[in-house]
Amino acid sequence: MRVAERTRPDAGKAAAVTAGSSVPSTTHEGGRKRRGVNREGLEAGRRSTRTILWILLAAAMVLYGFPFLYLLFTSFKTPIDTIAVPPTVLPKEWTLENYVNALGRSGVVASFINSIQTAIISTLLSLVLAIPAAYGITRYKTPSGRVFIMAALVTRMVPPVAIGIPLASMMASVGMADTPIALSIAHTTISLPLSIWLMSSFFEAVPRDLEEAATVDGCSRLGALWRVVIPVVSGGIAVTAIFAFLASWNEFLFALLMTAIRSQTTPVVIANFQTQFGLDWGSMTALAAVYSIPVILLTLLLQRKIVAGMTLGAVKG
Amino acid sequence: MRISDRRFALFLMTPAALFLAVFVAYPLFRLVADSFFKISPIAGGPRDFVGFQNYLSAFASDAFMGAGWRTLAYTVVVVTLEFALGLGMALLFTTLGRRSQVWRTVFLYPLMIAPIVAGLLWKFLMIDNFGLIGTLLHQAGILSNPNQIGWLSDPNIVLFSVAIPDIWLTTSFMCLVLFAGLQNIPGDLIEAARLDGARAPALLFRIILPLLRPVIAVALVVRGIDAARAFDTILIQTNGGPQSASETMSLLIYRTMIRFGDPGLASAMGTIYLVAMLAVAFFAVATIWRPGKDS
Chain E
1 MRVAERTRPD AGKAAAVTAG SSVPSTTHEG GRKRRGVNRE GLEAGRRSTR
51 TILWILLAAA MVLYGFPFLY LLFTSFKTPI DTIAVPPTVL PKEWTLENYV
101 NALGRSGVVA SFINSIQTAI ISTLLSLVLA IPAAYGITRY KTPSGRVFIM
151 AALVTRMVPP VAIGIPLASM MASVGMADTP IALSIAHTTI SLPLSIWLMS
201 SFFEAVPRDL EEAATVDGCS RLGALWRVVI PVVSGGIAVT AIFAFLASWN
251 EFLFALLMTA IRSQTTPVVI ANFQTQFGLD WGSMTALAAV YSIPVILLTL
301 LLQRKIVAGM TLGAVKG
Chain G
1 MRISDRRFAL FLMTPAALFL AVFVAYPLFR LVADSFFKIS PIAGGPRDFV
51 GFQNYLSAFA SDAFMGAGWR TLAYTVVVVT LEFALGLGMA LLFTTLGRRS
101 QVWRTVFLYP LMIAPIVAGL LWKFLMIDNF GLIGTLLHQA GILSNPNQIG
151 WLSDPNIVLF SVAIPDIWLT TSFMCLVLFA GLQNIPGDLI EAARLDGARA
201 PALLFRIILP LLRPVIAVAL VVRGIDAARA FDTILIQTNG GPQSASETMS
251 LLIYRTMIRF GDPGLASAMG TIYLVAMLAV AFFAVATIWR PGKDS
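Which chain is which? The protein sequence lines are E and G, in order. Per my numbering, residue 1 is the first one in the first sequence, and the count goes up by one each step. Per my numbering, residue 1 is the first one in the second sequence, and the count goes up by one each step.
Hints may be right or wrong, so weigh each one.
[Unchecked claim] So the derived list for chain E, only partly shown, Cβ under 8 Å to chain G, looks like this:
#, residue
1, 136
2, 170
3, 261
Bear in mind the hints are in silico, worked out from the structure with no lab data behind them. We put the CB at the ideal spot given by N, CA and C, even for glycine.
Input sequences plus hints: build the corresponding full structure.
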């Protein structure tokens with residue numbers, strides 16, 4: 001418990017600075033914010049120093065961005081060019097052949113539908129379970145709540161391979177093997193603890209007077225949660241939903257253990273390209289690009305919220 | 001009429017608690033229970049109680065002990081490099097100030113990529129013959145032959161090569177957390193140290209790092225746990241090979257279960273792995289977090 005209590009102020013402050021004022025959880029710490037103060041402290045002063053630092057940053061960004069750009073370039077090569085020796089960075093001839101091959105392969109489109117379906121079910125399940133739990137933990141600081149949030153933290157340390165195997169046989173024994181529902185449940189074991197931690201920090205920021213006013217006006221406690229508190233933390237719920245979605249979208253081990261043909265998700269299909277069809281690098285890069293680009297665009301669009309959530313999630317859990 | 005607040009809180013937490021009990025705690029219980037049996041991989045096959053036999057076999061096997069050391073080495077390499085690179089980037093972003101904000105966001109993009117895709121991508125970059133890295137190093141005159149370094153085929157270095165996608169994926173996370181921590185260091189403190197004539201190294205080691213300690217602790221523990229569980233990136237790159245040189249604990253347990261069909265032994269390995277992870281994590285949390293300085 002000590003851990004959680006000590007982390008809290010840092011989490012609030014960290015988010016305050018990274019995300020600015022767009023995050024509700026920062027408001028209660030307004031007085032302690034030090035935004036901008038260190039600007040004179042750590043920021044480089046001299047012009048020449050700054051130029052060198054910008055060059056350094058440019059080099060780092062090129063190195064960091066290059067691998068994914070190479071994946072994109074490769075996906076536009078002809079299948080033969082893909083494995084040419086020596087390889088070239090840019091395609092000699094730009095073509096969509098790899099995309100046509102990848103998406104035309106049986107099971108690929110179905111796997112996309114499975115991925116979306118699984119991720120949506122898992123996100124909804126995480127939210128439905130995490131929102132009341134996090135509210136119960138933060139609003140009524142009971143001993144059971146403290147035990148519960150520690151238990152959620154411990155869950156994060158469990159290696160997926162340790163529960164994946166028994167979980168798969170459990171699902172099989174109730175006739176749910178190879179279904180999107182079973183896989184979403186498995187994914188929720190990953191996203192639920194994270195969602196509880198995230199939602200707790202968002203609820204922490206809601207002033208208590210708000211619900212008290214609602215209860216005085218005749219709202220029940222559940223009514224106050226539903227009609228007053230939830231609308232206030234809707235931004236936080238969106239952040240939590242994105243993280244739960246991403247956790248399921250990118251997950252591989254549970255999907256590998258728990259699905260066969262019917263409910264296979266795209267990460268498993270991508271991995272299978274390697275064994276089933278020899279080494280079809282062209283189709284593989286095309287499929288990987290199609291699978292990654294929506295989530296990368298999503299990040300760039302919602303960057304502020306995602307940065308806030310990631311910092312909270314990290315510092316808290 | 002009204003139920004007490006305490007009951008109401010419990011009522012709100014019950015669904016999530018039940019979910020975790022059924023889908024996390026119960027499978028863990030099954031894992032521990034299975035570790036005491038010799039189990040036939042065929043459904044409905046025999047299941048004989050063997051006591052601690054699986055644990056003895058695990059500790060006696062070179063594969064298990066090897067995987068343990070490799071997991072440790074892998075985790076240390078990944079976390080150390082990520083920390084160094086992440087801190088470097090966080091300091092760079094901080095010194096550049098507000099104008100670097102766009103780049104800070106772009107720097108986050110690998111976090112959104114599936115580990116399986118990252119592993120695949122780096123395999124493609126490092127693979128023998130048509131891997132781009134060997135070719136570029138050869139063209140730059142560093143290597144005499146593009147295949148001089150067998151990134152993924154040389155058992156001596158493969159464990160480090162398979163770590164690269166993991167480092168690439170999550171250095172951004174380390175950077176993000178450390179950057180957030182850096183923003184909390186009061187500017188006047190740095191200013192005062194500068195006026196006292198402190199140079200950059202002293203500033204870093206005497207002031208910045210000690211003040212960042214709690215943030216560093218969280219980042220290292222969170223990433224350490226994740227790195228020790230690495231599976232996707234390694235499976236797709238080498239499947240544990242060559243000669244098991246990149247077989248970490250997650251892979252060994254998976255293969256013991258699926259390929260060699262020994263659920264009992266796999267469960268015993270899983271139990272030991274879990275206990276070791278919890279022990280290390282609690283130890284790390286207790287030692288790094290309890291400096292006795294903060295309230």
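Cross-check of the supplied hints:
Below 8 Å, beta-carbon pairs count as interface contacts, and residue 136 of chain E has one with chain G at about 3 Å; its hint therefore holds. Among the interface hints, the one on residue 170 of chain E holds; its C-beta lies about 6 Å from the nearest C-beta in chain G, closer than the 8 Å criterion. This hint is violated: residue 261 of chain E has a C-beta 17 Å from the nearest C-beta of chain G, more than the 8 Å allowed.
Hint compliance for this structure: hint 3 alone is broken.
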